[in-house]
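Those protein sequences? They're chains A and B, same order as listed. Counting from 1163, one number per residue, gives the positions in the first sequence under this note's numbering. Counting from 12, one number per residue, gives the positions in the second sequence under this note's numbering.
If you're looking for bench data, these hints aren't it; they were derived computationally from the structure. Computed from a predicted structure; not experimentally measured. Hints may be right or wrong, so weigh each one.
Now the in silico label distances, taken between C-beta atoms and shown as ranges [said to hold, decoys possible]:
{"#": "1", "chain 1": "A", "residue 1": "Arg1182", "chain 2": "B", "residue 2": "Gln184", "range": "41 to 47 Å"}
{"#": "2", "chain 1": "B", "residue 1": "Leu137", "chain 2": "A", "residue 2": "Trp1472", "range": "53 to 59 Å"}
{"#": "3", "chain 1": "A", "residue 1": "Asn1418", "chain 2": "B", "residue 2": "Lys229", "range": "57 to 63 Å"}
All residues carry an ideal CB built from backbone N, CA and C; glycine is no exception.
Chain residues, written in single-letter form:
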Amino acid sequence: MRSFKHFSAVFMARNREFIRDRSSWAWNVFFPILLIAGLAVMFGNDNRSILKIGVYPVQIESEPFFSLKHLQYVTIENLDNAIVRVKRHQYDLLLDTQSKRYWVNDNSPNGYLAEQLLMANGASTYLREQISGREVRYVDWALPGILGLNMMFGCLFGVGYVIVRYRKSGVLKRLKATPLAAIEFLSAQVASRLWLVMAITLSVFFGTHFFLDFTMHGNYFSLIFVLTIGAIALITLGLLVAARTASEELAGGLLNLFTWPMMVMSGVWFSLEGAHPMVKGAAQLLPLTHIVDAARSIMIDGASLLDVRWNILFLIVFTLFCAVIGSRLFRWE
Amino acid sequence: MTAIIEVTDLVKHFTPNKKDSVKAVDGVSFTIEQGTCFGLLGPNGAGKTTTVEMLEGIVAPTSGSILYKGEPIGERFRHDAGIMFQNTALQDYMTVSEALNMFGSFYTKTVPAKILIDQCALHEFLDRDARKLSGGQKQRLLLAIALVNDPEVIFLDEPTTGLDPQARRNFWQLVDDIKARGKTVVLTTHYMEEAKLLCDELVFMDHGKIIAAGSPHKLLSTSFNDVLLELPAESVPASLPALNIHTLNHGKSRAEFKTTDLNLTVKHLIDHGVSLAGMEVRSRSLEDLFIELTGQELRS
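Chain B on its own, in the form it takes in the complex (with noise of 0.2 Å):
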């Protein structure tokens, strides 16, 4: 594989007022293969979004280089990547069709309309106001536009925030679209599920620095060696013995075990006359991860 976007040490401030300089992004470096979905996974203030905005050529950096197909950004860039902001506004009275046109005209490379609207299934509100839309239409527009320049790369932040589940699943559908027809992503969320289903690279940030990175799958058996077994708390009682395989988190309605030898636990807890009704196991999550390093508070 090659790599299509090369971050080294980069670093942005923002000074809010004279006294204060807030470092958002800290010296961060990573590479984003081409054809491949890059993730990047963050509690709010992480610098998320900072990072993405200076890989997309809209926030300048303080320091450090961002290299597109080992150039600077620049012109090139512009004509080869879609961007489909966090918060995106159209101009006003603007129907879906003519938003279409309108950016489909910026770019001399252009995916013809029929198409973008049959991807992403615009037929039924074409002809309507884009500030009349539902969030899920309006995500699927903002979609299209960013794909209306058949682009090498393809920036979503935050795209299924707001959602309803089912928007969330058809939008899924679309980037597994984008991703199959070898187009590379580089997606910011802060869905866990829609991380591990999508991406196939992830890096955790927070503080402006990255704390974690690589396949979610890699991630998870080199953070994790253990799954969680829960049971109704009336059914643990106090006096069950310790077990050095396992470590009890005895909450008012449920009791957790993380075990790194299920079979043992089970037949632990059957030998000390526990009932297993209600019994839930599962294997350890990216949302497991995130909590345990990004800490448990939740950060605004």
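Bound conformation, chain A alone (with noise of 0.2 Å):
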């Protein structure tokens, strides 16, 4: 009763000093708020001058719809990935040469121009395979990532920089001397730092819903549980950064190192489909990745926990990690 009254303590205080610092709060709702409708304007109405046409496994030039003009044809070497895009409005139209099938979108206009020019074309002995959903734009599949990358930059620099910044200044020493215990500030900084990123990702996250209708395939508390996962992990990386760091420029450094290749190398904006095999093994060591990744799964494919399970157990891992080294580490001064 005595350590919540200590933690409840400490844990409201954080709280405050949030709230009340305006300057956070551009930062931290305004900002990707903005980020999310440029991404919405720039991409949102992808008027492409052409149709798309997945093909596979290879062209046959003699059909005379291969040698049509103002056609993209793209070879694709995986049969699966390439009905999902379809799917997703990415393809047209999708043929697969060898079995002599074809799949259409019965939801894109463009599909419906893509399968009259196959018909017109003479490919009326290829067999129709019907498919439907959603068109998945480009701020529907970097929205994951843009949230998540919010959340990073909330957790480990409100918890590693404040925490620094608090042991620079001498609050940490005036702690010390009272009978409140590390671990109680401790548990208090992720709690204050986990509900307020909460709040803010899942406030920009319906904020923007309402305006943008992102796709939504799956289950919002299965969404809600990995974005909270995925910010313990990120906040006890920054309480392992600030375990035992007193300079803020350290700190900073510190912080840097590990949101630079997140922000890069975790499929934030762009996929790591095509990347160097050593460059998407690393990125599977980031945190960011597996929020990204499974959270996009959850969003576009309607994926269960279940589905997500290497994401969420490579996530508990990290934080238990982070947490057991981070509280060791830890010290006031």
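Two chains, two separate frames, one set of hints: put the complex together.
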């Protein structure tokens, strides 16, 4: 009971500190909203001048359909992935020249046009496979990454940098002189940052969802669960960075050491599908990669928690590692 | 009187790098009696703050022992002690009343906020952000925080450094009130006037060691048996005959006699036609003792 009283006092103090700092609101809330809105405007209406046709396994040059102008033919290796792309409107039509089948999305106007061109050019022997699915815009694809990125900055700098500042200014020294235990202090920091980050992330998500109607095929609970586990993993990484660091400059450098690779390699802005295997392997060691992958799978593919269990497992192991090492290394001064 | 804190052979080494080892505190022993004001004095770098921080449980000693009410520093001490550090920051955007509430919630026994506010005169700025307080106001808030658990022993580390004379005097009054309630106060200070006014027992430290200890009166009476007599330098001729009861330091603007018999020295001056206009006489102070003990050079 006494522990809870201590915890709650530090928890409330940290909440007030964040909420009263107006400049942090601009960065944490308004910036991601502006970024999402900007992407929606820039990439929302993707007016391609040509139709995009996926071809598996090879084009047959003798067929007249493959000699049409203003069509982009993309040779693909994985038929299953290509079908998903048709479902998301990323391909307007998919042709399997081997089994003489084609896939078209009946929700896609471009798909209809591509199908008519196919029929008019002597391909009536192809068997029609109809699929349906909503278009996945770039902003739909990028949203989990932007939410994850905002969480990453909020968690790492909101915990790591703040604790180092407390240490440098003598706040921690003053708290050490009271009966407050280190674990009470640290858990209050984690809890305060967790609810603030989740409140901001969910506000940004639902706020922009209202206007931009994002693709959401999965369960909202699953998404919130993954984001929460991810936020805890990032907060504990912040604690690890701040465990002993006494200089704000060093803390800034260490935090950049973690944030920059995650910004570039965690699949926030672009897919790493075609990247070098070493880059893909390194990306799997970053918590943001697992947060973004799991959130994207839930939102776009309708994945369940079971489907993203390896991402969740990684985040839990990562959290335990950082929390145990960080709390062991922690010192007030 | 009973001892509340007993310190034996306290040593603290710092290792700023692998090659160097700095002995900040070097075998210090003393006892602090319950209900007294105990002062630690010394020049910068003497080891006062390190010693006090070891007493407060903030810094771990390299060797030696510190007992609080006969027990090593622990949970009981943290509940019984009130601490005001030399430099303390609070969380940003925290008001005075919020700071009192937060620190109050860490303790099982607390003083009602209203009493603290009255004692430390915090009424005027209760809802103000603690970062926006003046120096004197901030020190009063930090003192209130140190008193929030109705402590048995209060540590004040250079509490009036940087305050204007009026704020300093107001603060001394607050410490006097705390003493009047029977609390034990441990004070470190640079101000000898403050030490003389507030402290019952003093310890002078230099180079990590205790170089003198005792009550202010005892220290002065055992260290000095003379008084100082000062005259304008031009009033005292260089040809004035010497007398074995005093020594003369003839400066550019003032001539200073250290005399063991004031009447005889004054008679000697009159006999030799020295004008006594502008004469000042004062007894020896803690400041003189401080300079005598630690050397005259200014160390930073």
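Against the structure, the hints come out as follows:
| no. | hint | result |
| --- | --- | --- |
| 1 | Arg1182(A) / Gln184(B): 41 to 47 Å | violated (34 Å) |
| 2 | Leu137(B) / Trp1472(A): 53 to 59 Å | holds (54 Å) |
| 3 | Asn1418(A) / Lys229(B): 57 to 63 Å | holds (60 Å) |
In terms of the numbered hints stated before, the structure departs from hint 1 and from no other.
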